[in-house]
Amino acid sequence: MFFSRFPAAPSMLLVSVVALNFSIGTTAFGQSAQAPASDPTNAGKAVFSKANCVGCHKWHGNGGGGYGGDALSLRKTELTRDQIIEIVGCGRPGTGMPFFMRGAYDEVKCHGMNRQDAGAQMPPEGGTFLRPKDIEAVADYVIAHIKGAGEPTYAECAAFFSSTSRVCDVYKTPAQKPDDATASTGKGQ
Amino acid sequence: MERFSGHTRISARARLLAIAVTAAGMAAALPTSAADEVNQERLLNVEKEPGNWLHHHQNYSAHRFSTLKEINRDNVKNLKVAWTLHLGGIEGGGIWSHGGLEGTPIAENGFLYVTDGWGSVYKIDAHGGRGVLVWKMDPKTDRDWAGAVACCGVDNRGVALWGDLVISHTLDGRLIATNKETGQVAWQRTVADPDKGETITGAPLIVKNMAITGVAGAEYGIRGWIAATDLTTQKEVWRTYTIPGKGEPGIETWKDSNNAAAAGGGSTWVTGTYDPATDTIIWGIGNPGPDWDSAYRPGDNLYTDSSLALDATTGKIKWHFQHTPNDPYDYDSVAENVLVDIPGPGGPQKLALEADRNGFAYAIDRTNGKFVWGLPFVKKVTWTKGLDPESGKPIEYDPNKAVQTYIASVTPSRTNMETDICPGNMGGKNWPPTAYNPDLKLWYIPVIESCNRIKVEVMTPDKLKPREFWTGGGPSQPFRITGSVTAIDVTTGKIAQKMETPFPNLGGMLATPDLVFTGQPSGEVMALDAKSLQKLWEFNTGGGVNAPPMTFTVDGKQYVAILVGLGGAWDKWFIDSTPELKKIQPGSMLYVFAL
Chain X
3 MFFSRFPAAP SMLLVSVVAL NFSIGTTAFG QSAQAPASDP TNAGKAVFSK
53 ANCVGCHKWH GNGGGGYGGD ALSLRKTELT RDQIIEIVGC GRPGTGMPFF
103 MRGAYDEVKC HGMNRQDAGA QMPPEGGTFL RPKDIEAVAD YVIAHIKGAG
153 EPTYAECAAF FSSTSRVCDV YKTPAQKPDD ATASTGKGQ
Chain V
75 MERFSGHTRI SARARLLAIA VTAAGMAAAL PTSAADEVNQ ERLLNVEKEP
125 GNWLHHHQNY SAHRFSTLKE INRDNVKNLK VAWTLHLGGI EGGGIWSHGG
175 LEGTPIAENG FLYVTDGWGS VYKIDAHGGR GVLVWKMDPK TDRDWAGAVA
225 CCGVDNRGVA LWGDLVISHT LDGRLIATNK ETGQVAWQRT VADPDKGETI
275 TGAPLIVKNM AITGVAGAEY GIRGWIAATD LTTQKEVWRT YTIPGKGEPG
325 IETWKDSNNA AAAGGGSTWV TGTYDPATDT IIWGIGNPGP DWDSAYRPGD
375 NLYTDSSLAL DATTGKIKWH FQHTPNDPYD YDSVAENVLV DIPGPGGPQK
425 LALEADRNGF AYAIDRTNGK FVWGLPFVKK VTWTKGLDPE SGKPIEYDPN
475 KAVQTYIASV TPSRTNMETD ICPGNMGGKN WPPTAYNPDL KLWYIPVIES
525 CNRIKVEVMT PDKLKPREFW TGGGPSQPFR ITGSVTAIDV TTGKIAQKME
575 TPFPNLGGML ATPDLVFTGQ PSGEVMALDA KSLQKLWEFN TGGGVNAPPM
625 TFTVDGKQYV AILVGLGGAW DKWFIDSTPE LKKIQPGSML YVFAL
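Quick note, the sequences are listed as chains X and V, same order.
Throughout the first sequence, residue numbering follows this note's numbering, covering 3 to 191 in sequence.
Throughout the second sequence, residue numbering follows this note's numbering, covering 75 to 669 in sequence.
Since the hints were made in silico from the structure, they are not lab data.
Beta carbons: idealized from backbone N, C-alpha and C, even for Gly.
Heads up, a few of these hints could be off.
Said to hold, decoys possible - Partner residues are not named here, just some residues of chain X that face chain V (Cβ under 8 Å, in silico):
1) 60
2) 67
3) 79
To be verified - In silico DSS-like links for lysine-lysine, alpha-carbon gap of 25 Å or less:
4) V:214 to X:52
5) X:52 to V:475
6) X:78 to V:539
Working from the sequences, and respecting the hints, build out all of it.
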């Protein structure tokens with residue numbers, strides 16, 4: 003369904019074929035795949051917050067319409083790790099998905115383009131730049147915890163925030179809820 | 075040394091109080107001098123204390139007009155920064171990377187009360203030509219919980235005063251009463267529920283010992299309401315839903331089989347007004363949801379996009395006037411209704427003025443909700459040819475149609491899935507308040523001159539999820555957006571002046587006898603001639619102005635105050651239409667000017 007958006011960004015066709023033609027490709031990251039003892043994707047989770055992926059895709063990655071246009075669902079994404087690394091680094095031309103790699107479209111061409119080539123299709127710049135390692139980490143996090151996941155659950159939410167906020171209460175099942183919270187589904191009235 | 079001596083009076087008093095408290099052992103019963111107690115009498119007669127600014131909108135009629143004229147057309151060019159105070163509250167939370175400042179300071183007897191976006195309240199002593207923080211009440215707002223369902227920013231528009239209490243709201247849905255002397259929370263009550271997508275950004279309106287609260291969340295499938303809390307018993311007096319329930323009048327305007335009304339929007343996040351002559355509260359009602367898929371909710375969708383009059387004592391609906399039936403644009407009507415009396419052939423005309431997101435300014439008869447006049451106040455309107463001179467409805471409105479198409483070629487719909495609208499969905503005017511000069515009978519509108527692009531998403535009931543966007547599409551910003559201050563002559567219902575600005579007006583207006591004050595999100599605070607709107611003074615704050623100016627006196631001297639800190643919806647969702655504003659840094663600062 004989201005493929006219907008691609009015609010708006012013709013360069014994307016190129017990307018999916020050429021896969022990775024910018025400099026922070028897979029080879030640059032090749033060595034980092036082995037897993038430390040704790041959850042290897044914790045660093046990526048931190049990037050997901052710090053780089054404000056949550057601002058558009060939400061903590062659960064489902065994105066959604068709203069005032070910002072549609073940030074695609076990362077739960078439903080079919081992209082591979084390499085493709086995610088590329089889109090985080092370069093953004094997606096012609097859409098609201100920002101680029102997070104320092105020098106993208108300047109020192110480093112993205113999809114074979116510099117700023118002039120990209121023109122009006124130039125994606126926005128992320129609120130913070132990420133180092134290649136961070137980009138790789140966030141892609142690992144998306145693959146491990148978001149891609150392919152179904153509806154968000156309380157356990158996932160609690161793991162993401164591990165805080166005292168009530169942000170996760172809405173995901174509690176009726177059994178987990180105190181009795182006053184039955185109206186909190188938004189459809190209740 | 076000088077600083078210290080300036081403090082003496084206050085700190086001596088504070089020490090005395092502290093002793094009194096210890097002695098009595100009861101913090102709740104702090105003595106406050108009668109002159110400092112705010113009661114209904116004072117709220118009704120604010121013109122008797124022109125040096126104070128007691129209401130969010132200055133008076134119950136939302137004039138935002140001060141009679142102070144020490145600063146005037148002849149000397150305003152000498153206006154200078156008297157003092158500044160850094161505030162906090164720019165932290166992010168939920169989907170927001172930072173907070174901003176949208177509040178109107180309240181001034182009483184030389185003290186200012188302001189809020190930051192997360193609802194912290196600051197009491198500031200403005201005596202002696204500088205500002206000293208007396209106390210800060212941090213409500214510890216649940217940032218992730220509330221920030222994830224705040225459509226349009228980490229915002230709080232200010233406090234109200236009652237008795238010896240400062241009354242405020244938090245984004246996570248609370249009404250808080252803080253002791254004015256000590257800054258201690260006296261009590262708090264949960265009014266709105268972020269689990270349902272409800273948040274609160276507006277300042278409370280105080281009427282007869284009740285705090286009136288409005289709610290935000292029409293982008294998250296709420297069913298809007300206005301609620302009154304008794305400030306003595308702390309109990310709810312009434313709660314009036316802005317979308318009728320089953321069996322209630324108006325439910326016939328929701329003709330779908332989706333139960334769309336239950337999540338129909340109609341938020342109320344801008345503080346309303348009060349007409350004591352008829353004991354009527356007049357409040358603006360927000361857009362229907364989903365915002366852009368109007369075919370999901372066929373019918374006029376009352377009372378969305380309406381001005382609504384309520385009996386203040388009971389909350390019962392007295393009348394309504396709907397601006398954009400079955401709205402497919404996100405043209406909400408949350409704006410304040412300004413109450414104005416104009417001499418007419420058959421006695422004074424009692425009007426309610428509203429500058430709507432749909433680009434039209436309306437005058438309605440506030441005794442019965444009937445249309446009097448309306449006109450476009452923006453330069454460009456593309457969705458309708460105009461208003462019917464009798465009914466005030468858009469000319470294309472057809473009561474027999476379930477889904478209104480207006481000018482169909484530009485209107486977002488299931489057959490027109492991507493389209494450009496003017497005004498854009500932020501509207502011709504958003505929440506930033508207007509001001510009204512009762513001597514000149516000029517009404518000043520802070521204008522967003524805009525178009526933007528709307529993409530429609532067809533909604534189905536299974537897409538309605540708690541705490542998730544329920545918008546039926548989204549906007550993008552392919553066009554540059556500018557602004558203006560537009561003055562309307564209320565005696566004729568015609569535009570008297572327009573002063574164009576490079577950026578949209580995201581702050582709002584203050585009127586004085588011969589000046590108007592306003593700001594720009596690029597940083598400038600400015601004073602204009604009240605008649606010609608010629609710019610007479612300007613100062614660049616170096617931040618983004620996203621809040622309205624106000625004025626007050628202390629030690630017999632007039633000051634103009636304004637909060638500066640760009641946040642809100644613009645910064646996140648609409649910035650592409652004003653690329654230069656991307657440079658504006660988050661900030662949080664109170665500026666106070668004097669001659």
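Give me the numbers of the hints this structure contradicts, sorted from smallest to largest. 3, 5
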